[in-house]
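**Q** For the sequence shown, the UniProt record's numbering gives the first residue as 1, with consecutive numbering after it.
Hints listed in this document are in silico derivations from the structure and should not be mistaken for laboratory results. Just so we're clear, the structure is a prediction, and the values are computed from it rather than from any experiment. Possibly wrong hints are sitting among the right ones.
To be verified - Simulated pairs of lysine to aspartate or glutamate, EDC-like, Cα-Cα distance not exceeding 20 Å:
hint: 1; residue 1: Lys-172; residue 2: Asp-189
hint: 2; residue 1: Lys-71; residue 2: Asp-57
hint: 3; residue 1: Lys-71; residue 2: Asp-151
hint: 4; residue 1: Lys-71; residue 2: Asp-56
hint: 5; residue 1: Lys-71; residue 2: Glu-144
hint: 6; residue 1: Lys-172; residue 2: Asp-186
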Amino acid sequence: METLSSLFERIRACRLCEAQLPLGPRPVIRGSEQSRLLIVGQAPGARVHASGIPWDDASGERLRDWMGLDKARFYDESRIAIMPMGLCYPGRGRSGDLPPRPECAPLWHHQVLALMPRIELTLLVGQYAQQHYLGAAFRGTLTETVRHWRDITPAILPLPHPSPRNTLWLRKNPWFEEQLLPLLRDRVDQLLAT
């Protein structure tokens, strides 16, 4: 039977969409069999591609703030797993990074999840993760999906992307910081305390 460590080795050696990646492949993923919280984001940005550390950018700073975590706790793989929809940097488009490569999630996610049986809370960060994992529970837009977070299983929380580009979204949707963030911080504290 394959271990998570050996699966991660196979993932990090993946070259499936090498020709479509402007900076080449560098799959970014982390976690352990003991991880209790899973963050499913979009895809690494250029800075994360360079460092190999997920959420190693301004978006990561905001996400850690939302969760009430410092870097040490956030990067504790024994507690938190991080798996983007697209594991490599997809390149830039006219209005930001391109969408995640579509090959990654169908190829790797189910294999990874099968080896992380202790996950109790999954954060779906951004529309791509929400569409993939929520199916019919996805409400057509990120805003409506996040707004109806109470209708989704307690094991999943949909979040907007924490990019600085989404500051306007946060201003237009104050309920997110008033209602969902306190719950997020409580859930994270409970999971990481045990």
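**Q** Now look at each hint and say whether the structure bears it out.
**A** Hint by hint, here is what the structure shows:
1. Lys-172 / Asp-189: Distance ~27 Å between Lys-172 and Asp-189 Cα, so the pair is violated.
2. Lys-71 / Asp-57: Holds, because 12 Å separates the two Cα atoms, which is no more than 20 Å.
3. Lys-71 / Asp-151: 31 Å, violated
4. Lys-71 / Asp-56: Within the cut-off at roughly 10 Å; holds.
5. Lys-71 / Glu-144: Given pair Lys-71, Glu-144 is violated - Cα atoms ~30 Å apart, limit 20 Å.
6. Lys-172 / Asp-186: 24 Å, violated
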